[in-house]
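Let the sequences and hints guide you as you build the complete structure.
The primary structure of each chain is shown beneath.
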Amino acid sequence: MDLGQFILMRHELLLTIAALAILVAEIFTSEKNKSKIINFTLVLFALVTFIGFIPGETGNLFGGSFQSSQLTILMKNVLNLAVLIVFLQAEGWLRKPENADKISEYFILTLSTLIGMNFMISAGDFLIFYIGLETATIPIAGLAAFDKYKSQSAEAGIKLILSSALSSGILLFGLSMIYGATGSIYFADIATKVQPNALIALGFVFFVSGMGFKISLVPFHFWTADVYEGAPINVTSYLSVVSKGAAAFIFTIVLFTVFKNIVELWRPMIYALAICTMTIGNLFAMRQNNIKRFLAFSSIAQAGFILLGILGAGELGMTAIVYFVLVYVFTNLGAFGVVAAIHNASGVETISGYKGLYQTNPKLGLLMTISLFSLAGIPPIAGFFGKFFLFTAAAGSGYYILVLIAVLNATISLYYYLLVIKAIFIEKNEQPIPEFRSSNAMRIALVMCIAGVFIIGFASGIFEYIRSISKIFLN
Amino acid sequence: MIQGIPLEHFLIVSTIMFFIGVCGFIIRRNLITMLMAIELILNSVNINFVVFNRYLYPDQLQGQFFSLFVVGIAAAEASVAIALIINIYRNMKNIEVENVNEMKY
Amino acid sequence: MNILTLLVLIPVLTMIGVLFTKDYKGARLVSAIGMGVELIATVYLVLAYLAARKTGMMHEMLFTSDFIWYPSLNIHFAFGVDGIAVAMIGLTSIVIFAGIFASWELQFLTKEFFVSLILLVTAVYGFFISLDLFTMFLFYELALIPMYLLIGLWGTGPKEKSAMKLTLMLMAGSALIMVGILGLYYNSAPGGGPLTFNIIEISKINIPVAAQRFFFPFAFIGFGILGALFPFHTWSPDGHASAPTAVSMLHAGVLMKLGGYGCFRVAMFLMPQAAKEMAWIFIILTTISVVYGAFSAIWQNDLKFINAYSSVSHCGLVIFALLMMNQTAMDGAILQMISHGLMTALFFALIGMIYGRTHTRDIREMGGLMKVIPFLAVVYMIAGFASLGLPGLSGFVAEMTVFVGSFQHQDIFHRVVTVIVASSIVITAVYILKVVGMLLLGPLKDQHHAHLEDAKWYEKLSTVTLVLAVAAIGIAPLWLSDTIVASLKPIVTRLATVIPF
Amino acid sequence: MTGYTYTIFIILIPLVMFLVTGLLGMKWKPIVSGILGTIGMGIAWTLSLITAGSYFFGTHGAEGFQAIIPFEIKWLQFTETLIIKMGILLDPISVMMLVVVTTISFMVHIYSLGYMKGEGGFARFYSFLSLFTFAMLGLVIATNIFQMYIFWELVGVSSFLLIGFYYQKPSAVAAAKKAFIVTRFADLGFLIGILILSFVTGTFDFAKLTEPGTTIFASAASMSFMGISAMTWAMTLMFIGGAGKSAMFPLHIWLPDAMEGPTPVSALIHAATMVVAGVFLVARMFPVIHFQAPATQEIIAYVGGFTSLFAAVIAITQYDIKRILAFSTLSQLGYMMLSLGVSGYGGEEGLGYMASMFHLFTHAMFKALLFLGAGSIIHAVHSNLMQDMGGLRKYLPITHITFLIACLAISGIPPFAGFFSKDEILVAALEHNKLLFAVEYIVAGLTAFYMFRLYFGVFWGKDQHYHHTPHESPMTMAIPLMFLAFMSIFSGFLPFHNLITSDKMGFETHTDLMVAIPSVLIGVLGIAMAWILYKKESVVPAKMAKSWGILYTATYNKFYFDEIYLFVTRKIIFNYISRPIAWFDRHIIDAFMVGIGLVTEKVSYQIKGMQSGQLQHYAFAFVAGTLAIALSMIYLLM
Amino acid sequence: MNVLMFYLFSGIILIFSLLSITTRRILRAAVYLLFVLVATSGLYFMLKYQFMAAVQLTLYAGGIVVLIIFSILLTHHITHRFKHPNLTKLLMGIGATTVGIGLVITTILSHSFKAGTAPELPVDMTVIGNQLLSTGKNGYILPFELISILLLAAMIAAIVIAKKENNKNSEI
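Residue numbers (our numbering), protein chains in the order written: chain A, 100 to 574; chain B, 5 to 109; chain C, 558 to 1058; chain D, 26 to 663; chain E, 25 to 196.
Be careful, since some hints might not be right.
Stated by the list, open to error - Here are the simulated lysine-lysine pairs, DSS-like style, with alpha carbons at most 27 angstroms apart: (1) Lys108(B) - Lys97(B); (2) Lys1002(C) - Lys596(D); (3) Lys1013(C) - Lys52(D); (4) Lys135(A) - Lys72(E); (5) Lys1013(C) - Lys54(D); (6) Lys133(A) - Lys187(E); (7) Lys1046(C) - Lys99(D).
As the list claims (entries may be wrong) - Chain A side only, calculated, beta carbon under 8 angstroms to chain C, not exhaustive: (8) Val502; (9) Ser559; (10) Glu563.
Hints in this document: simulated from the structure, not taken from any laboratory. Glycine included, C-beta positions come from ideal geometry on N, C-alpha and C.
Next comes the structure, spelled out in structure tokens:
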């Protein structure tokens, strides 16, 4: 292979270079200029994100271990975009004195997990997949424990690393069985050899539970809430949006390509998981007061909806999922952005603390409301379209009852989103969060989110583009 | 059957080991011992890969390499986990897993 | 530009305009102007529609326009109106116009209030002009959501609880609708070919019977919840009681009509066989609705509760009439929607105005208001008479059309339920007169009320607009009825020609 | 045939007056509304008289009086055939009713100028009067049953408004509500009757319905419900509507209470015009009832007969003069109904029909006179009760004389108008039903008795000590009294048998002496008894009352019908239907909906222990979940 | 001989695994784990995967276990003895384990494994080395590079968590 082919993995390479550049910058920056790394990184990463959007070739590398297609490139771009927003939102937090000596670490760790995710998306065999998975997980544990003098943060870190170790152990066990049954670790080989037999089923279940851990499907979700609550907000938003989104992408890709021959086997299972995930997520979200924990459970419920897309037939399901995740990125980051802004300014992160927010900070209140409505799937915001297409996909496979359950669950979810909105708009507070002005980076991030939330739904071209490249990908 | 030992026996051993690891993860009171249980799990997975490679698909070394990387990752995982455990120790002055439940419900 | 686009555009522009105003006076002024223009546009639409029909345009829908939105799913922005939609749009314009003036004095977060209110109306317009199930559903959900804030922020009493109950029940309804719509979509091309969300196109094919049987209840009950179908009506009393005046007006006056309209346009029109097969179940439910709502109203003491239950009864009649599935009864149903929309809006406006003066809605605490606030009292009586079906006001026309239409069925079941439903006119008289007697007539009960001020100019404008509309329909119903009937013909023909089981 | 187009103004003038005085009346001096209304009514009256004159005495063919429709527009179309039209139908009975209504209304308008002077809401009163007149006229000239129903309802509501004119008086409000709801209940019957009728015949038009030898009922023969034929149902239900308006037993209870309204209103609505709407309805539908639903006609006869007796008995014991007159109205209405009930169709067979209409006409005159007289008395004495009156003949000479004329008229003493019309009814009854004939004889006596009890009690008897001397009413009140007295004397000589008959053909009648003489005698007997008992103050009536005991008490309390109705409405409908339904709605249905939410929330709290914060519990859930899924998947595989 | 060796190693693995998760002294647990890992490498030797066995010995037994022991020494007194396990968790663990073992073993035993027909690849260092650096199919240069990123990231993560900060006065 010649060097020119490396253009195929430009996302990964760019990210690696970016990470190394930050490392170098860290070394050559004096103690008191550390915070300039933030600006440097933001510009650098914006550049990286932008370059990612430049259309390029697609194809396979390393004997099929690395696969690149329009769809995977799009997925990577979505993730890049999300990480860019996360970085912008993290700016204010990183400038705080207690983080002064770990700025570049935050960026490098995040970027390395992103590299892992990119490799996972492009993986053509289970080895790359697995290493990508671990690369995408292990550093996050470090990030989760970033506020290391807060016991909650430490707890989040240890819970994440141990649960993920267990889950990856179980996933590996499943992979070993699949290897034993099919004789290969390459996706393309496995896809032709899988048959519905007990060993494969067993291996597959173990695999799914490992992935379920990443997407936080019930009953593999328990870590989610604790980790989200304990981790710093900008890590939580990263976990909840980027990490989960990437996992959803990969899960879909693997199910749709590698295990497409045993689709009849996994559909009932996804069906059951979808119902459990939506319902349990909602039931837990209902009575939370900590906003991060609340969003954690809400994101679990959202994961349940993603499964509906997996049940959907072929390209429509794929499209719906990618589209939903795209919407979800903007929506959830909008919500997390508000949470982060408020937390940075006042330290409040409970729903009851949000009472009267609209009186003092109407724009943030409104933004939060719009984000939550989008999460609930209220038109004309993008969340509605995302959900609708997922349901359309599921209905396309004849799962009308599941769609009904899902929509009813969406109604329950509306209930608790409305609780937050109620706090923001309706309820009175003696001491509301004082008026404040968030940093420019945060503002840019929030404007991006809100623009995304409004544009994506109406601009049908996005959906159609995803659909066209999904079609190519699946054939 | 290579050397007169059926494949299934290896698998049985690894399976039992796997579940001993799982069991250890669930019942142990100490974070480090839980980490050890993880190592048991990974180890059993490695046995699986290697044995499948040797018995069924010796034409390539996929299983073996897989185990190789698993070992590497296990090391990375262990190092981060231990750092986190020490962090916990600094925050809580012990590493009893039961005490790590500040966040719940 | 297409007049229908304009109908949606004007409220949107108004909303933007309101956002740029400085104080409550500016906000209300902009809203009033916007909705005034909307009313004018509506009048223009009505005239244009009638003129177009007169020139012999026989298409089912007029002023249609169609933009492809999501080509791969065949989702369009497809707009168009028939006589029924035009009538509903007219209703909406009148009610929102009156509603703006009914909330003239609101000074708490005025901008937000008017924006939410107009957002709601925008969605309602969108709903009525949509020919595509997707956009229809989109506007439907959009119409429900501002309700929460409108009730929760500007309401009274247990507003948060009521707002939540209302929102959740209606959203649960929309969950059912969603399933129904998806079912229609996937069965819209039984003979192969592209699937479609377009109502007109779906109406030209026959959805497989098994699918109809499965999806009809979803769509029908889903819309029925908003139409206050027994036993899913319980959001209505609480919601209306807690909502601020203009919101009650709009919700009972217009939004509940979305339910009836949807039942008919989506559920029954597109799934006629199932509608025929299952009609009896819903006829029984609506019969209960009608009588039960009226009886419940007798026992209430809160003015808004009375009116809410009366709405249950009247909206029950709408769905009842729709299910009769003949031209006259369905004509009556549409008339009843419009009539009820107008008079219930009038009622809620008046209740709001009376409450604003006496600070109570309990009829036991008031009495003899006729002497003190004669204008409002007289208008209240007119509204009451409209509600109990006095000739010359719209209620009579609608009810009689329903009764006569329903009675044209050949079988005993339909005719017996018609008689039961007709008996509601007596019960309605009982509670209306009870209220009128206790509230307006008799000696002044509370001396604190002795010096209340009668209606201000904007209140007069608000109520007189509605009274005129009620009376106009009541006195000269023929043009409206004919317009509706003309548009009903294709639907009735379709219902009549499907093979019964 | 279009020469009658001007009749539309008879209807429109009151409507315009209603709108003008209703909307602008507040702005003017009150008397302007009154005068305007009166002038308008005068024009309408004149037009009605012209119409009647040219209709009855103009040229008409050998086939009798033809129905003329000078004006008709489509108002609302239900189906191809079921169309509500608004139009004017001129035929003998409607023209006759036009005259009755405009006459009485005009008189009342004039009378009220004096009677209502100084009352608050003068303009409102006149606007309501105009509204009522408009509605009543619309009712009588209706071309189809649905138009009739529309105006029927409007009449009901204007009656409600006028009864409740003194809206600050709780009793007036209650009476108004009662009147409205009772008649509304009856109207439901009417409505359903219309529904059935229109369903069977496919038309609302009177012209088609009453056309002799029509075939539109052909399909009715096969239809029946619960063993009773469709047409019987339809007509009986329709009769219930009529019975409600005309206050037939047992729907009579609203009429006595309706006397809470101003007295001119009682004269206009509750004596002369609205209450005969039921009779008019039956007359209008007479061919249909007679041929298609003979059973209904029987019912009508018996209900009429019973009501006349029942009301007469109650009237004897009452002291409120307006109530006495109200029960007397009931009794007379019973006569009219009975007369229709016993009538045949065509020629002399249709005597009952003619008699009924005749009595309707004469009764309107003398009963309006009685009420206006009573109004004059009340105006003078400021009380409704007989106990507060006596010896008024000295103070109110005009009222006295006119009242006496009216009493004689109602008692059937020749040559006053009541004698002729009542006599025809008795003849008709004798020919068809001996029992009812006997009843009517008794009632004739009772009528004479209670009317003269009233007369003597008010104008003779002991002279009460009045706070201020009663004085005769002003001319505005006296003129109508005199005009009506004139009518009460002479309207009996009108040739009704030539003008208003069931088949629109005139026939000859003769006074049957065998009937007339006993009836006059019995009237005289009643008067004599009243003279003995009430001319001078006497203890005999009180003693008699005591000796009748329970029966007297029951009669005095109107046989407790009000109480029964109260029990049914308050207790049963309010307490045992409405209240449980309201409760059910809040506590079962709503609670169920709320309960879903609560249960969800409860579940949410119940399962919070799952998220225990214990890493190892999570791990167990993870493993157990995986194994459970694996097990079920492998199970599915097998 | 092989058979004997296999059962010996298996016995060591199983027994010491069990002991490792049941002993109440933490250091002993670490040592038992070491035995297990060493016995595992013995199995690899038996399967003629010497390279794998060596890696197992050096990296696993030599690296990870040492790391663990260090951390034990950092956080425990040597004489520390655990309390008995929590009963609920014990039941959970045993339950899950029993079911799991039963399920997996049944599945494995019921499955008929079919060996590949392709010729066996000799396992020597050249082959391993070539494959490790090959860019084609069955080449492992990409995972190799990727894992280096992982290790770097893990290192940074471990450092950022564990490093002592100037202003804080920590115990270690």
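Hints versus structure:
1. A distance of roughly 20 angstroms separates the Cα atoms of Lys108(B) and Lys97(B); the hinted pair therefore holds under the 27 angstroms criterion.
2. Note on Lys1002(C) and Lys596(D): the hinted pairing holds, with a Cα-Cα distance of about 25 angstroms set against a maximum of 27 angstroms.
3. With a C-alpha separation of about 18 angstroms, the suggested pair Lys1013(C) and Lys52(D) falls inside the 27 angstroms cut-off, and the hint holds.
4. Annotation: proposed proximity of Lys135(A) to Lys72(E) is violated, straight-line Cα distance about 55 angstroms (limit 27 angstroms).
5. Pair hint Lys1013(C) plus Lys54(D) holds up; C-alpha atoms about 24 angstroms apart against a cutoff of 27 angstroms.
6. About 18 angstroms separates the Cα atoms of Lys133(A) and Lys187(E), which keeps this hinted pair within 27 angstroms; it holds.
7. Simply put, Lys1046(C) and Lys99(D) have alpha-carbon atoms about 20 angstroms apart, close enough for the 27 angstroms limit, and the pair holds.
8. Nearest Cβ of chain C to the Cβ of Val502(A): about 6 angstroms, under the 8 angstroms cut. The hint holds.
9. With a cut of 8 angstroms, the hint placing Ser559(A) at the interface with chain C holds, because the nearest CB-to-CB distance is about 5 angstroms.
10. A hinted interface residue such as Glu563(A) counts as satisfied when its beta carbon comes closer than 8 angstroms to some beta carbon of chain C; here the least separation is about 6 angstroms, so the hint holds.
Hint violations for this structure: number 4 only, all remaining hints satisfied.
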